[in-house]
Amino acid sequence: MQTCYGGVQPRPEYSTMCQNNIFLEFLPSPPGHLEMCSMRMLIAFVAVVQTAFGVELTFELPDNSKQCFHEDIEANKQTTVEFQVVTGGHYDVDMTLKGPNDETLYQGVKKQFDTVKITPKTTGTYTACFSNEFSTFSHKLVYMNFQVGEEKPLPGLGEHYTAMTKMESSSDSVHNNLNTIVDYQTHHRLREAQGRKRAEDLNARVLYWSIGETLAILIIFVGQVFVLKGFFTERKTIVST
1 MQTCYGGVQP
11 RPEYSTMCQN
21 NIFLEFLPSP
31 PGHLEMCSMR
41 MLIAFVAVVQ
51 TAFGVELTFE
61 LPDNSKQCFH
71 EDIEANKQTT
81 VEFQVVTGGH
91 YDVDMTLKGP
101 NDETLYQGVK
111 KQFDTVKITP
121 KTTGTYTACF
131 SNEFSTFSHK
141 LVYMNFQVGE
151 EKPLPGLGEH
161 YTAMTKMESS
171 SDSVHNNLNT
181 IVDYQTHHRL
191 REAQGRKRAE
201 DLNARVLYWS
211 IGETLAILII
221 FVGQVFVLKG
231 FFTERKTIVS
241 T
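Residue numbers (UniProt numbering): 1 to 241.
Among the hints, erroneous ones may be present.
Pair by pair, the computed Cβ-Cβ distance ranges are [stated by the list, open to error]:
| no. | residue 1 | residue 2 | range |
| --- | --- | --- | --- |
| 1 | R196 | D114 | 21 to 27 Å |
| 2 | D72 | R196 | 32 to 38 Å |
| 3 | E192 | E103 | 33 to 39 Å |
| 4 | W209 | F232 | 31 to 37 Å |
| 5 | I217 | T180 | 32 to 38 Å |
| 6 | T104 | N176 | 33 to 39 Å |
| 7 | K117 | L218 | 56 to 62 Å |
| 8 | K152 | H90 | 36 to 42 Å |
| 9 | T123 | W209 | 55 to 61 Å |
| 10 | R196 | P100 | 37 to 43 Å |
| 11 | T119 | R191 | 54 to 60 Å |
| 12 | T180 | L105 | 44 to 50 Å |
| 13 | H90 | W209 | 35 to 41 Å |
| 14 | L202 | D102 | 38 to 44 Å |
Computed list of lysine to aspartate or glutamate pairs in EDC-like fashion (alpha-carbon distance at most 20 Å, straight line) [stated by the list, open to error]:
| no. | residue 1 | residue 2 |
| --- | --- | --- |
| 15 | K110 | E74 |
| 16 | K117 | E133 |
| 17 | K66 | E56 |
Worth flagging that the hints you see were computed from the coordinates, not collected in a lab. All residues carry an ideal CB built from backbone N, CA and C; glycine is no exception.
Can you make the complete structure from the sequences, with help from the hints?
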């Protein structure tokens, strides 16, 4: 098992990026997928937000490919894995969560979004894999939130044995409310990005359909002109002697 200290650790068969003891495994994709449009390159890894108890990121999942994320989790620490397909294809992906002994804890087939909560009984490395192998040409943009354990208390709140003062209680309440707001904003941004992508796809389809209808009308117009011209064209009859 690799020890993750942050940064990129290249390996011959795949590359690994570490974030907060999570190392990301990028399996090689088939030939022909090396060239991507600039928009895809810009939105790949558009958000990597590291917290004290997990990792939150958005990554690009090419077609016919699979990406795995590994996390060292201690026993009896509640773990939550949340994912959602933001753009691409039918907005679905296969997701599998496995334990240290390669036992399958969760398996979702062509899921658009889901939340998985587990309480590990053993300490070890847990693996969450996202697969787009069923797609032949659709790239996916996937959001994932991997949280392990509970959030640490605010500095100073756990250092005394007496009841919290009114100021400390207010600070803790404000902190919890801000966390809730951040969570709502994250999901709102995901829904906004997904809706914007759907609108852009619909706009492109309407544009292409309009161009096709315009070309069809022009072809019919030119054809009618030649047909009408043929009706009024005087044909000369040649009489052989």
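Inset, instruction - May I ask you to test the hint 55 to 61 Å on the CB atoms belonging to T123 and W209? - result: Check passed, 57 Å falls within 55 to 61 Å.
Inset, instruction - Starting from the hint 37 to 43 Å, judge whether the C-beta atoms of R196 and P100 obey it. - result: With a Cβ separation near 40 Å, R196 and P100 satisfy 37 to 43 Å, so the hint holds.
Legend entry - Agreement of K110 and E74 with the hint, judged by alpha carbon distance not exceeding 20 Å: Status violated; Cα separation ~30 Å.
Legend entry - Hint check for D102 and L202 - Cβ pair distance inside 38 to 44 Å: Given a distance of about 43 Å, which is inside 38 to 44 Å, the answer is holds.
Inset, instruction - Given the range 44 to 50 Å, decide if the beta-carbon distance of T180 to L105 lies inside it. - result: Between T180 and L105, where Cβ atoms are some 27 Å apart, the hint is violated.
Inset, instruction - May I ask you to test the hint 56 to 62 Å on the CB atoms belonging to K117 and L218? - result: holds, 59 Å
Inset, instruction - Could you see if the CB distance from T104 to N176 stays within 33 to 39 Å? - result: holds, 34 Å
Inset, instruction - For the range 32 to 38 Å, tell me whether the beta carbons of I217 and T180 fit it or not. - result: Violated: the Cβ-Cβ distance is about 55 Å, outside 32 to 38 Å.
Legend entry - F232 and W209 - C-beta distance against the hinted 31 to 37 Å: holds, 35 Å
Inset, instruction - Hint says 33 to 39 Å; check whether the CB-CB distance for E192 and E103 agrees. - result: holds, 37 Å
Inset, instruction - State, for the Cβ atoms of D72 and R196, whether the hinted interval 32 to 38 Å holds or is violated. - result: Given about 37 Å between the Cβ atoms, the range holds.
Legend entry - Hinted pair K117 and E133, Cα distance within 20 Å: violated, 25 Å
Comparing the model with each numbered hint stated earlier shows that hints 5, 11, 12, 13, 15 and 16 do not hold.
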